[in-house]
Each structure stands twice: as C-alpha cells, then as structure tokens.
Amino acid sequence: MKRDPIYGLMAEFDNPTALVEAARETLNAGYKKIDAYSPFPIEELPEAIGFQKNGVPLVVLVGGILGGLTGYLMQYWISAIAYPVNVGGRPLNSWPAFIVVTFEMTILFAGVAAVFGMLALNGLPMPYHPVFNVPRFAFASKDRFFLIVFSSDAKYERTETRRFLEHLHPRSLSEVPS
Amino acid sequence: MDEETRVTVGSRAPVIEPGHTFATVTDKISSIVLTRPASNAWFLGFGVTFLLTMMLLYAAGYLFIRGIGIWGVTIPVAWGFAIVNFVWWIGIGHAGTLISAILLLLRQSWRNSINRFAEAMTLFAVACAGIFPVLHLGRPWLAYWLFPYPNTMQYWPQFRSPLVWDVFAVSTYFTISLLFWFIGLIPDLATLRDRSENRWTRMIYGLLAMGWRGSARHWHRYETAYLLLAGLATPLVLSVHTVVSFDFAISIVPGWHTTIFPPYFVAGAIYSGFAMVLMLAIPIRKVYGLEDFITQRHLENSAKVMLATGLIVAYGYIVEMFMGWYSGSRYDAFLIWNRMHGPYSVFYYCLWACNIFFPQVLWIRKLRNSPVALFFISLVILVGMWLERFIIVVVSLHRDYLTSSFGMYYPTRWDWMTFIGTIGMFLCAMFLFVRILPMISIFEIRTLLPQAEVKAE
Chain E
240 MKRDPIYGLM
250 AEFDNPTALV
260 EAARETLNAG
270 YKKIDAYSPF
280 PIEELPEAIG
290 FQKNGVPLVV
300 LVGGILGGLT
310 GYLMQYWISA
320 IAYPVNVGGR
330 PLNSWPAFIV
340 VTFEMTILFA
350 GVAAVFGMLA
360 LNGLPMPYHP
370 VFNVPRFAFA
380 SKDRFFLIVF
390 SSDAKYERTE
400 TRRFLEHLHP
410 RSLSEVPS
Chain P
246 MDEETRVTVG
256 SRAPVIEPGH
266 TFATVTDKIS
276 SIVLTRPASN
286 AWFLGFGVTF
296 LLTMMLLYAA
306 GYLFIRGIGI
316 WGVTIPVAWG
326 FAIVNFVWWI
336 GIGHAGTLIS
346 AILLLLRQSW
356 RNSINRFAEA
366 MTLFAVACAG
376 IFPVLHLGRP
386 WLAYWLFPYP
396 NTMQYWPQFR
406 SPLVWDVFAV
416 STYFTISLLF
426 WFIGLIPDLA
436 TLRDRSENRW
446 TRMIYGLLAM
456 GWRGSARHWH
466 RYETAYLLLA
476 GLATPLVLSV
486 HTVVSFDFAI
496 SIVPGWHTTI
506 FPPYFVAGAI
516 YSGFAMVLML
526 AIPIRKVYGL
536 EDFITQRHLE
546 NSAKVMLATG
556 LIVAYGYIVE
566 MFMGWYSGSR
576 YDAFLIWNRM
586 HGPYSVFYYC
596 LWACNIFFPQ
606 VLWIRKLRNS
616 PVALFFISLV
626 ILVGMWLERF
636 IIVVVSLHRD
646 YLTSSFGMYY
656 PTRWDWMTFI
666 GTIGMFLCAM
676 FLFVRILPMI
686 SIFEIRTLLP
696 QAEVKAE
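First to last, the protein sequences are chains E and P. Positions 240 to 417 (this note's numbering) are the ones given, in order, by the first sequence. Positions 246 to 702 (this note's numbering) are the ones given, in order, by the second sequence.
Hint data in this document are derived by calculation from the structure and do not stem from the laboratory. Glycine included, C-beta positions come from ideal geometry on N, C-alpha and C. Take the hints with a grain of salt, since some may be wrong.
[Claimed, not checked] Here are some, though not all, of the chain P residues that point toward chain E, as calculated from beta-carbon distances under 10 Å:
(1) Val270
(2) Ala283
(3) Ser284
(4) Phe404
(5) Asp433
(6) Asp439
(7) Asn443
(8) Arg444
(9) Ile449
(10) Leu452
(11) Ala454
(12) Arg458
(13) Ala470
(14) Phe491
(15) Ile687
(16) Phe688
Build the full structure now, drawing on both the sequences and the hints.
Below, the structure is given as structure tokens:
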C-alpha cells in the first residue's frame, strides 16, 4: 500500500486554553483521529481530543497481583518444600514472616509494570515520528501547543481541513510530511 | 484556583517568583546543562570528591584482599561502622521519596521544584548505603548468595530472617526510586533534545527521551503511571526503614528489642533526609541562581518538616528511657545507665544536643528563613543522626548480657576511609548530576505557572 505523503495537518497555539478550545471544536466538527501536543500535562486535554481509555491502572493491578503471588509462593516453595528448616518447631509455612518479602515483591512488580506498561501503551521508545519533521515542533517541548488532524481521518480533506483549522486562528499551520 | 493563590499563599514566600513564562523557565533550567560552562569551582569540587571516591575504591579494594579484619569490628561489636553508615545513608535517601511521592499525593505543589534533585539524592544515598552491608559480608564477592536462585549447593535463603527481608526491601527501593526518577526525567530529556545545539548531546538526550513528543494521550497515561508509582512508593519508603529497624528489633539485644523502632527509625530517616536536602539545595540555588524556583518557602517548609520529625525522634528517645525503667528488665535498665555513664556517654549527650536541643532553634521564624543558619543546623542534625545510629549499634552491642563478653569498639583508619569515601562518592555523583541532567523538573515547574491554567470560556 502506498503511504499518504501527508501525515496530517498541524496547527500551533500560544496557550493551553486556545489548544483545549481548538481541540474541542475539531472533535465537535466530526474529526475523530486527532491528537494534541503540549509541553506539560493539561487535565482537560485528553477528554477534549476524545481519549478516554487508559489501560495503565489495569496493567499495574495485574503486575501487583502477580508480584504478590510470586513473592509468597516463592517463599512457600523454598521454605516448605525445597529447603525445609525446622526452627524451634515453628511451622514451615510461617506466613507472618513471609509478609515483608511478599509486600516488597508486590510493590516491585507493580512499579515495574507501571513504568514499562505506560511506555509500551504509549508506543515508546519511538525515536522517529513524522511530527518531528515540522521544524516548529521543537517548541512543543518548550512553550507551544499543537493540534494535529491525521490524514487517516475519514473526514480529512486537504483543503477543507486546512480551511477548518485556519478558522481556529492558530499561530501557524503546517502540513506534516510522513 | 485564581492566579493570586497559585503564585502566593497569604503572606508566605511564593513557590515560584512571579514574572516567569514557559519559555523563561525552560531556558533558565536547561541552560545550566546545555550552555553554561563548568566553572573552576565545579572542577575543584568534582576533583576533590572524585579523589575521595578513589579513596573509597582503595579502601574497598584492600578489604577484598585482606578481609574485614582491617576494620574495627570484632566480637562483641560485630556490626560497627558498616551498619551505622548503612542506616545513616539509607535514612538520608528517604527524604527524596517523601518529597517526590508522599508530597505529590498530598498535593503539595511546592515539591515540584525540589523533587528532581531530592530523588537523585535518594539514588546516590541508597547506592552508598548498599556498599556497606555488601563489604560487611566477609566474602563480598559472594553477595549474590543473598538472592534466591537455583544453585548446585541446593541452598535457599532463610526467609524468616530480617536480614533477607532487608535485601528485598533495599533492592526494591533502589529499583523503584530509579524508575520513578527516570520517568520523571523523560519529558525534560525531550526538552533538552529539542534545545541542544550539539549533535552528540542531541543524540544522547534523544535516545534517553525515547521519542517523547508530549502527546495528550501519552501525558494522560504518563500522569496515571506517575501517580500510581507515587502511591506504590509511599508504603514502600515507610516499609524500607521499618525493615531496617527490624534488623535490630527482631533480635533480643537490649536496646534493640523494642516496638518503638519502626516509627522512630522512619521519622529519623526523614529528619536526616531533609537536612541533607537543605544542605544540597542551599548552595545549589545560590551557585546556579535558582532562587526563583527554590524559594524561601521551600527552605521554610523543609525546616518545618525537620522540626516535626525531630520531635518524633525526641519522643522515641524518651520512650526508650521510659522503657528502660518500666520494663523492669535489669538489662534494659543497665543499657540506659550505660548510655548515660558508660564509656560512650559523651556521644550520647552530643546526640541529645545535636538532634533534640539544638534544632529547637527552628521555632524561630527568622532562622527558618536564613539559608546560612539552615545550612549549619542541617549539618548539626546530620551529625546527630549519625551519632544516633552509632549509639544504637555500638552501645547496645558492646555491653549486653554477660559481663565476661563486655568489650569496646574502635574504628580503624579503614573504617574512616570507607565512610568518608562514600561521602565523596555521593557528592561526586551530585556534581555530575547537576551538570548533565536538569536538576529541577522543568515540566512540573511549567504546571505551577498561572498561564498553565485552562480558563473556562
């Protein structure tokens, strides 16, 4: 399949308020495949671009449960089956003594799952991305706010979409080559 | 929040000086790394601390050849400097996690300007801490025996021992602190990548930033992961020093076998950690002109945390004395007598002076607002907290149950070289850190600016 030479249309804004408003309007205008870029997290933005599903909490929960089970079962297997040591007649499965390591393993697995799960869901690491082709995008990590309509959107039409974004009064407007 | 309350609350100093924009904040912090040339003072500081690190390497290398007989540890005091320094360092690390995780959950946004270097401090302090128990093993090259792994000896660790708990607690703590610090850095590494003029630095920062582009979807998942990590790190940091205190409290040595230890250790950890934060923050903000971001407010808040945790530590000392009398155990009573009148009593009185009496000057607002005064008060607290661990480890062990096994502990020059060497290593790592990574979280400072607020139509 031949790739579209244009990845999307990108509009630049000065402040978070303008970006959130523009994103809301674009979504309301029927564009589904849009994204926004900002130099810091903006609470209202995910909802403004129509993003709700966030898989991170589930990944962390699964990580934590796996960690807890691994921690306890490992200690049980080692202390009661593989290497039983009778300490003053205490039970081999002396669970109160196993709580600390179980707890630490829960935190370890959940924390690792949080970081690597977040990166994986975000598709990172990804050193190359078409948006970096826009020279002004270097300011997305400083003080500028960007909105993009992807060319894969059903409603995307080169001139029509350009006109629509222009009426949102962006500071600049660029085509993103893919 | 309206703009007024965002920037200043009441008559207190602001969290960030007014007049900054996203661009000035970015330039100010990233230029320290990207464009500011390293000064002669930096090279001097780095050089001296690097030499101290080499001294640590020398002392550790000699220990590998000769064994721990070169240290002052012996029976009855088999723990000595190694454990004193381990507990001291790991306690210092706790303030970093407290600032980055607990204060995040409590929505204390002033933490945003000090969390990055406090987290770095945690990492370096835990690294210094980890050296001691490993060297203390006797055969440090077999340290991997501490971890459960299938081996030809068919041997497994004893999970009923607090020393094994400690291995898991400290290694988990280091891993989670590293991850927390690293994901906090990702957006700022992207900023450095985009600001850097030099091809090589751009490539290195670019690789570390992993292609971060600040997408709203990414930020959303990022913030969730960050918040959850903070939620996980909070019980973790409390558990780490609790487990460290278990190393003592689970045993039956007089002065160790007590239930006050976990809370009193955690409070002491935060106490010394904030002292270290202040000792680092005060010179750094001065040298790099960061008074706009690390303001009087941060110094004063840290001083208040020290005052509060210091009082909890005082409560711990008083309960220890009370229990010496109330337990009715002659060994516990002797321990208290021995602390006050034994051969190490001078250290015990210094401990009270450094940790309890002297820091009460922090009640004076003027001193809480004076960087110079805070620097020296912090130094005194760090000395006091080191003495506390010395008293706990050495004074309890050197005279316990049998008079026939009473003894004395004298550190050797190798003990001192190892201890001072880790201070050098810690500072050397801090010197490198302030030059190659943004020492203040740029993106979190941006969120503190009034412009960051999305205004409703």
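Chain E contact restraint for Leu452 of chain P - C-beta distance below 10 Å
holds (7 Å)
Taking the closest Cβ pair, is Ala283 of chain P under 10 Å from chain E?
violated (24 Å)
Less than 10 Å between beta-carbons is the criterion; does Phe404 of chain P satisfy it with respect to chain E?
holds (5 Å)
Given hint Phe688 of chain P near chain E, where the shortest CB pair must fall under 10 Å
This interface hint holds because 5 Å falls under the 10 Å limit.
Close enough to count: is the Cβ of Asp439 of chain P nearer than 10 Å to one in chain E?
holds (4 Å)
Interface hint for Ala454 of chain P, Cβ within 10 Å of any Cβ on chain E
Constraint on Ala454 of chain P satisfied, holds at 9 Å.
If you take the shortest Cβ to Cβ gap from Arg444 of chain P to chain E, is it below 10 Å?
violated (15 Å)
Taking 10 Å as the limit, does the beta-carbon of Asn443 of chain P come near enough to a beta-carbon in chain E?
violated (15 Å)
Tell me if Ser284 of chain P is really an interface residue toward chain E, meaning its C-beta lies closer than 10 Å to one of theirs.
With a minimum Cβ separation of about 26 Å from chain E (threshold 10 Å), the hint on Ser284 of chain P is violated.
Taking the closest Cβ pair, is Asp433 of chain P under 10 Å from chain E?
Status holds, d = 9 Å.
Does the nearest C-beta of chain E fall within a distance shorter than 10 Å of the C-beta of Arg458 of chain P?
holds (6 Å)
Please check whether Ala470 of chain P passes as an interface residue: C-beta within 10 Å of a C-beta belonging to chain E.
Status holds, d = 4 Å.
Consistency note: the structure conflicts with the earlier hints numbered 2, 3, 7, 8 and 9.
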